[in-house]
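*Asks:* These protein sequence lines map, in sequence, to chains A and B.
When the letters of the first sequence are read in order and numbered with this note's numbering, they come out as residues 1 to 207.
When the letters of the second sequence are read in order and numbered with this note's numbering, they come out as residues 1001 to 1606.
What the hints contain is simulated information worked out from the structure, not anything from laboratory work.
Please note that the accuracy of each hint is not assured.
To give a feel for the contact side, a few chain A residues facing chain B, derived at Cβ under 7 Å [claimed, not checked]:
{"hint": "1", "residue": "S16"}
{"hint": "2", "residue": "F17"}
{"hint": "3", "residue": "S20"}
{"hint": "4", "residue": "R23"}
{"hint": "5", "residue": "L24"}
{"hint": "6", "residue": "G85"}
{"hint": "7", "residue": "K106"}
{"hint": "8", "residue": "P107"}
{"hint": "9", "residue": "A110"}
Here are the simulated DSSO-like pairs of lysine-lysine, each with C-alpha atoms no more than 30 Å apart in a straight line [claimed, not checked]:
{"hint": "10", "chain 1": "A", "residue 1": "K119", "chain 2": "B", "residue 2": "K1408"}
{"hint": "11", "chain 1": "B", "residue 1": "K1408", "chain 2": "A", "residue 2": "K31"}
{"hint": "12", "chain 1": "A", "residue 1": "K159", "chain 2": "A", "residue 2": "K200"}
{"hint": "13", "chain 1": "A", "residue 1": "K136", "chain 2": "A", "residue 2": "K5"}
{"hint": "14", "chain 1": "A", "residue 1": "K162", "chain 2": "A", "residue 2": "K200"}
{"hint": "15", "chain 1": "B", "residue 1": "K1263", "chain 2": "A", "residue 2": "K19"}
{"hint": "16", "chain 1": "A", "residue 1": "K5", "chain 2": "B", "residue 2": "K1415"}
The structure presented is a predicted model; accordingly, all values stated were derived computationally and were not measured.
Where a beta carbon is used, it is the ideal one built from N, C-alpha and C, also for glycine.
Chain by chain, the residues run as shown.
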Amino acid sequence: MSADKGVIYIVEDDPSFRKSMERLLRASGFKVVAFESANSFLTQRGIERPACLLLDVQLPDIDGFDLQQRLMERGSSLPIIFMTGHGNIPMSVRAMKKGAVDFLPKPFEAEDLRGAILKALERDIQNRKREIEVNKIKSLLDTLTPREKEVLRWVITGKLNKQIAAALGTTEKTIKVHRSRVMQKTKVSSVAELVRLAEKADISPAV
Amino acid sequence: MSWITVIWSMVAAACLTLAAMHLLVWFKKRTAWANLLFSVTAAAAAAVAFCELSMMRAETPEQFGTMLRWFHVPVWAIIVALVVFVRLHLRAGRSWLAWTICTLRTFSLLLNFVVGQDLNYREVTGLRHIPFFGESVVVAEGASNPFMLVGQLSLLLFVIFVADAAITVWRRGDRRQALMTGGSIVFFVLAGTVQAVLVLWQIVPGPITVSLFFTAVVAAMAYEMSGDPRRAAQLSADLRESEARLALAADSADVGLWSWDFKTGQIWATERARLLYGFSSAEEIAFEKFLSRIHPDDRDRVSRAAREAFQNGAGFRSEYRIELPDGSSRWIKAQGQAFLKPSREPDRMMGVSLNINERKENEDEVVELRLELAHLARIMTMNEVSTSLAHEINQPLGAILNNASAAKLLMSQVKDRQEEINEILEDVIQDAKRAGDVVRKIRGVVKKSDVRFEPLDMNSLIGEAADLFRNSMSMSNVSLRLDLEMNLAKVTGDRVHLQQVLVNLITNALEAMKGRSPSVLTIHSAMTASDRVTVSVSDTGKGIDDAAKERVFEPFFTTKQDGLGMGLRICRSIIAEHGGRIWAENNPIAGATFSFSLGAWRGESA
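The task is simple: from the sequences and hints, build the whole structure.
*Replies:* See below:
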């Protein structure tokens, strides 16, 4: 997958500026989808990947920062580049802290824009990779029975089977069976691998 | 020595002493007529006693007669003095009676010298020794003078006059005075008269002893008169207390009291006042010395105010700086009242002074704050304008940039996209126009501020603007010179805008002189070319660099650390709007002069 093939979403209320952006980015070889307001972007279904969002801070309905917040709440990892006509330092710091890729004061150079977009798309590709991996792990974990998940959470604490058995009120032998089944189902060969996997799937140790 | 000699001598001595005392009082205070009258009465009573004693010791009828004749002079004096005393001191008695008594008494004194031996005897034919107080005294023998009745009538009228006056005084409420003075005069004069009548009509043999009765009157009067010293003692005690109270009040209010005697030029001052002006407790303060403590810039003003107060006997009020011997200075507020002598000559001035340094500093702070606020308001306005300006303009500029970049990209890619490039260029043009429109709109907003043209007196505008800085100038030791043309024509203009120009020029001048000495700010107004009013603001600062000279009126040009570079630009805009001209020059010696000229107002018809 090449960054040049990404999709650029634009949310900008000034029609003239919006049109010039579309034109510039298309000429640069990007696929562009432009919106005139935050709400119209939010109704858009199915974001193509890799992608990034060029977001104007001053918008008539929801301002750029609020939109960023809403997207985060939705669990979106879409990288955002802010654009503004009168940006100041506190504003840009706030945006960057929340994970924006860049903050571009208008007017900006085509080169700067391109640099920011490439960075954003690269980030999105990484995001995408991670998401795919996590999804894969999650589907593996979904094959575990509730009891096996329970044992998994104990195994990744690094405790011995005997200790886990005591904690769960069962025999060491039962735990041993559960453990080998977990390893089998998740296709890992060591506890260390299992720990990494659990970490990626956001599974926390039992204790 | 005989008892009679002792008593009469003592009576005479006592009366003379009292007479001398009260004469002295009258000498000190010429308006104390009562004391003079009393003095005359007492002296006359002493003379009467002397005559009586001489008569009692007379050796020949002639001697006796002469003494009796002269005896009537002091009696006349006593009666007249008492009449006047009653009128003046008791402020009572009928005027016509007073005149009648004095006339009759004077007439009888005249008769005394022209008819018969004296008023009492047509002729003293012989002397007779009779026993009196165990001694032998001389009495006269001879024919009584019927004209004696005139004198005795005057005495009777006198008794009535005094009794009437005493009743008036009694009714007025001064019962003690009515009894003590009026009553005793009536009683003793009546008793004396009766005794004299009996002796002189030779009904009862005996010497004339009216001096004893007169002495009793004198004693009563002396008591009455001694009320004044007693009251004076009370008053002086009261005065001391009131002085102490005043000093306490003045001290607790941190107020110094002073009194300046114009003739001697000496100034009396309380401890607090001395402390204020830095004089030691014992130091003598002459007016010149006081004046030398005043800051040279304020000296003329203060002495002029004092002179004016003395001219009109009016109040004096001034605020000035003083320089203390230790080199520090402080603000003083003084307020007083000038008093004139009846001849309208200056007598003295009394007043109070207090330290107003703190208030003055606060005033300075207020003025500074006001200026700072105005400055801040301007900056904030500018900030606001530039922010919105930036947003509005950045939008089209961003579009232009994007379009231009897109066009460049397309041009480099393929040849057959003419249509799209045309479209882009059209948009570029539209956005450039849009940016231009934004700038024009903003200029329109800025121009909309209210401008009201009216005929204005430039000199009073200068005065008002200078007043804004007066305190800060005195605090930073800048001398202000106003060199104003008296016959300055009016100009038409907007008061606030022209004041803004003056304030900006003065602010710049003061900043240019910061930390430099001497610092002199001169504002000059004049008529130039017969129909133009020219105002110049000169400083003694560092002047303007040749390089900067051309640019001082340009926007955003500044030599100040925190300057915006708009002050002179605004001045030029305002002056231009008034159809005037503004320019800058360096002074021959030091500093710079900023001048502007405006057309003179030609009156309603023009």
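*Asks:* Each of the hints needs a verdict: does it hold here or not?
*Replies:* Hints, one by one, checked against the model:
For the restraint placing S16(A) at the interface with chain B, the shortest Cβ-Cβ distance is roughly 5 Å, inside the 7 Å limit, so the hint holds. The interface hint given for F17(A) holds, since its Cβ lies 4 Å from the closest Cβ of chain B, which is under the 7 Å cut-off. Interface restraint check: S20(A) against chain B, minimum CB-CB distance 4 Å, threshold 7 Å, status holds. Of the supplied interface hints, the one on R23(A) holds, with its beta-carbon coming within about 4 Å of a beta-carbon of chain B, less than 7 Å.
Checking L24(A) against chain B: minimum C-beta separation of about 4 Å stays under 7 Å; hint holds. Annotation: G85(A) was flagged as interfacial toward chain B, and the flag holds, the nearest CB pair being 4 Å apart, inside 7 Å. The beta carbon of K106(A) comes within 4 Å of a beta carbon in chain B, closer than 7 Å, and the hint placing it at the interface holds. With 7 Å as the threshold, the beta carbon of P107(A) comes within range of chain B, its nearest partner Cβ sitting at about 4 Å, so the hint holds.
Hint status for A110(A): holds, given a least beta-carbon distance of 4 Å to chain B, under 7 Å. Restraint check for K119(A) and K1408(B): satisfied, since their Cα atoms lie roughly 23 Å apart, inside the 30 Å limit. Annotation: proposed proximity of K1408(B) to K31(A) holds, straight-line Cα distance about 19 Å (limit 30 Å). Between K159(A) and K200(A) the CA atoms are separated by roughly 20 Å; this keeps the pair inside 30 Å, and the hint holds.
At roughly 25 Å between alpha-carbon atoms, K136(A) and K5(A) fall within 30 Å of each other, so this suggested pair holds. Our distance criterion of 30 Å between C-alpha atoms is met by K162(A) and K200(A), whose separation comes to about 27 Å. For the given pair, K1263(B) sits about 96 Å from K19(A) by alpha-carbon distance, which is inconsistent with the 30 Å threshold. For the suggested pair K5(A) and K1415(B), the alpha carbons sit about 23 Å apart, so the restraint of at most 30 Å is met.
Of the numbered hints listed earlier, the single one contradicted by the structure is hint 15.
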